[in-house]
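A.B. asks: First to last, the sequence lines map onto chains A and B. Under my numbering, the first residue of the first sequence carries the number 1, and numbering increases by one thereafter. Under my numbering, the first residue of the second sequence carries the number 1001, and numbering increases by one thereafter.
Hints in this document: simulated from the structure, not taken from any laboratory. We treat Cβ as the ideally placed atom computed from N, Cα and C, and that holds for glycine. Relax, there's no trap hidden among the hints.
So the derived list for chain A, only partly shown, Cβ under 10 angstroms to chain B, looks like this:
no. : residue
1   : Thr74
2   : Leu180
3   : Phe195
4   : Leu203
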Amino acid sequence: MRAATRMDYAAQVTSFLLGQMPKLLAGFAVTLTVAVAAIPLALAFGMLLLAPRLSGRGLIRGAVQAYIEVMRGTPLLLQIYLIYFGLPLIGLFPSEFTCGVVGIALQHGAFLCELYRGAIESVSQRQWEAGRAIGMTRLAVFRYAILPQALMKVLGPLGNQLIVLIKDTSLVSAIGVMELTLTGKMVIERSAASFEIFVAVALFYLIVTAAVGAGFRLAEQRYAGRL
Amino acid sequence: MPDVLAKNLPYLLSGAVMTLWLSLAVVSLSTALGFIIGTLGAVGGRTTRAFVTAYIFILRGIPVLVVMFLGYYAFPAFGYRANAYVAVGAAQIVYAGAFVAEIVRSAILSVPAGQIAAARGLGMPRAKILMHVVFPQAVRLAIPPLLNTSLTTIKQTSYASVVGAWELTYAAREVVERTLAAFQIFLGVMAIYFCICYPLSALSRWCEGRFVVAH
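Using the sequences and the accompanying hints, generate a full structural model.
C.D. replies: Next up, the structure:
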């Protein structure tokens, strides 16, 4: 008797989830689009901040440092709200999608800049002097000595940061982008289905983050082998 | 212009008090949970270690917002009528606990095996080895990343507003919807969060240079 009800429950949940699959897949596609749009923006923005952070003049360097501190010390959700509710007041009306992507890129760019800096500074400073002493230009030292080692060191933290970014795409649901998390919430509210839908939503995220994690670990091993 | 912020400041500050309570509860309980689970993950038997690995892998792979929705909808499904704070708080504790557990586990595992073998050679019992040899070193190693995790956890309490728990970010949205003063209110609230987070951020940077142990 008990086994039979349990079977019933399993069959019901499975058929319900299968029925909702098209909606979930559509939401999943939006989540991936947000991530794919935000990742290159964040990577590039982090690079942009790097030069002034490392060797800029006092004022610019201070400004970049302050910006990074503010990004570190305030929640991403508020930054997204600020963009989404603030920009219309100065006459700009970007879509929810754009606001979300820009918000994510602005926050993660700051974190990525700190990662790049950490990797570069972890390569011994004596190598700069050694390179200069044998007559290499500063750029050449950076390109041929520092960068390859820094890349090696940045891969692990970079993978972790991108996983955080992918997870953070769920926050754009708060301003109404119909991605995976908001889809899950909508399905629950419209169909009186219960929390099982969020188990499915969680699985979708887990697949992507696990794949990205595994990819970066593999890249790290390959790269370590070549170096 | 800034009088919109001044007029609503008492309301926002009461939201900040709620955020502080939520943060205090989540940070302290998740740290306790993570310490227990992380220790089990480092010194437990094979099955225990496998469970801990699975817990850490799954929770770290999904967004905290999804875990909070899961908690919010799962409590009623199992017949508990929990209020939003309990559901959201429990979800955040379980989530942040996974990050703490990973830090504690790797900190314990980074204590050189030779020291443990030496302690065992002296005839120390397991519990004593943990208390006097492993933990003092592991804790020093774990403190800077734990501070960073606490920082993230405090910022994450703002996501409770999406699930419907009233705190600082929720209050900010209410005020903005009433007054339309998005810049004043959101920037003001970001300043409040910054005041809460910056001391921790500074402390973690101060520790990072200090607690490095060379083996």
